[in-house]
Amino acid sequence: QKEVEQNSGPLSVPEGAIASLNCTYSDRGSQSFFWYRQYSGKSPELIMFIYSNGDKEDGRFTAQLNKASQYVSLLIRDSQPSDSATYLCAVRQGGYQKVTFGIGTKLQVIP
Amino acid sequence: DAGVIQSPRHEVTEMGQEVTLRCKPISGHDYLFWYRQTMMRGLELLIYFNNNVPIDDSGMPEDRFSAKMPNASFSTLKIQPSEPRDSAVYFCASSLDRVGSYEQYFGPGTRLTVT
Numbered sequence: 003q004k005e006v007e008q009n010s011g012p013l014s015v016p017e018g019a020i021a022s023l024n025c026t027y028s029d030r031g032s033q034s035f036f037w038y039r040q041y042s043g044k045s046p047e048l049i050m051f052i053y054s055n056g057d058k059e060d061g062r063f064t065a066q067l068n069k070a071s072q073y074v075s076l077l078i079r080d081s082q083p084s085d086s087a088t089y090l091c092a093v094r095q096g097g098y099q100k101v102t103f104g105i106g107t108k109l110q111v112i113p
Numbered sequence: 091d092a093g094v095i096q097s098p099r100h101e102v103t104e105m106g107q108e109v110t111l112r113c114k115p116i117s118g119h120d121y122l123f124w125y126r127q128t129m130m131r132g133l134e135l136l137i138y139f140n141n142n143v144p145i146d147d148s149g150m151p152e153d154r155f156s157a158k159m160p161n162a163s164f165s166t167l168k169i170q171p172s173e174p175r176d177s178a179v180y181f182c183a184s185s186l187d188r189v190g191s192y193e194q195y196f197g198p199g200t201r202l203t204v205t
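Keeping their order, the protein sequence lines are chains W and S.
In short: position in the first sequence from 1, add 2, done, that's my numbering.
In short: position in the second sequence from 1, add 90, done, that's my numbering.
FYI, nobody ran anything at the bench for these hints, they're computed from the structure.
It is possible that part of the hints are untrue.
Stated by the list, open to error - Cut-off 27 Å, straight-line C-alpha distance, at most; resulting in silico cross-link-like pairs (DSSO-like, lysine-lysine):
#1 W:K100 / S:K158
#2 S:K114 / W:K100
#3 W:K44 / S:K158
To be verified - Sample of chain W residues lacking proximity to chain S, with all beta carbon distances greater than 10 Å (derived):
#4 G56
#5 D57
#6 P83
#7 S84
Beta carbons: idealized from backbone N, C-alpha and C, even for Gly.
Please work from the sequences and hints to get the whole structure.
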């Protein structure tokens, strides 16, 4: 079993819709959770992080964490074609700087 | 700040040759990470350093791979001898050792092709 699981997609949503990206992790000791966005041919960049159970909102992005279910999600409201990218879920175990990345979900926003 | 700098951006080499990838982290960052990304396996951590000291190299695939960080502003990842299965994009990333801040800043990557 992979430590961080994501559906590789592609996930296609129409412009203006809500895109929902999901991630599960195996280590119950995980403490920090990140979403990185990676455009084709570019490097990953951090867009959201969350440490506590519940929701965290930043503009059109909402990260949701449920530690009991070992589940993290990213919601993108009012999806735009410019949101088309691969979204990488990353998980940090407690006490360490290193993170483990999922394989990423490719999102396509259709105009 | 110029961000994380990697060179070369593209490298094409023949099987059996030595390949050296270079990285300059963001000034003042305490951690440096080397990753490899492929379609099949995604983004994999190879090794990371804290204050120039290797902390975890469990992701280094085999003895053909080695990494050094002789000072705070420079690191190398060497593959000797290279094999076609080493073809991938190699990213270097750096981060600051600050509680509550674990963002990693990635360089542009080096696309390695081994023929």
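Verification of the supplied hints:
Taken as a hint, the K100 (chain W) and K158 (chain S) pair is honoured in the structure, with Cα atoms around 18 Å apart against an allowance of 27 Å. Of the supplied pair hints, the one linking K114 (chain S) and K100 (chain W) holds, its CA atoms being roughly 19 Å apart against a limit of 27 Å. With a C-alpha separation of about 25 Å, the suggested pairing of K44 (chain W) with K158 (chain S) holds against the 27 Å cut-off. For G56 (chain W), the shortest C-beta to C-beta distance to chain S comes to about 17 Å, beyond the 10 Å cut-off, and the non-interface label holds.
With a cut of 10 Å on Cβ distances, D57 (chain W) stays outside the contact zone with chain S, its closest approach being about 19 Å. Interface exclusion of P83 (chain W) from chain S stands, the closest Cβ pair being 23 Å apart, more than 10 Å. Non-interface status of S84 (chain W) relative to chain S is upheld: no Cβ of that chain comes within 10 Å, the nearest being about 19 Å off.
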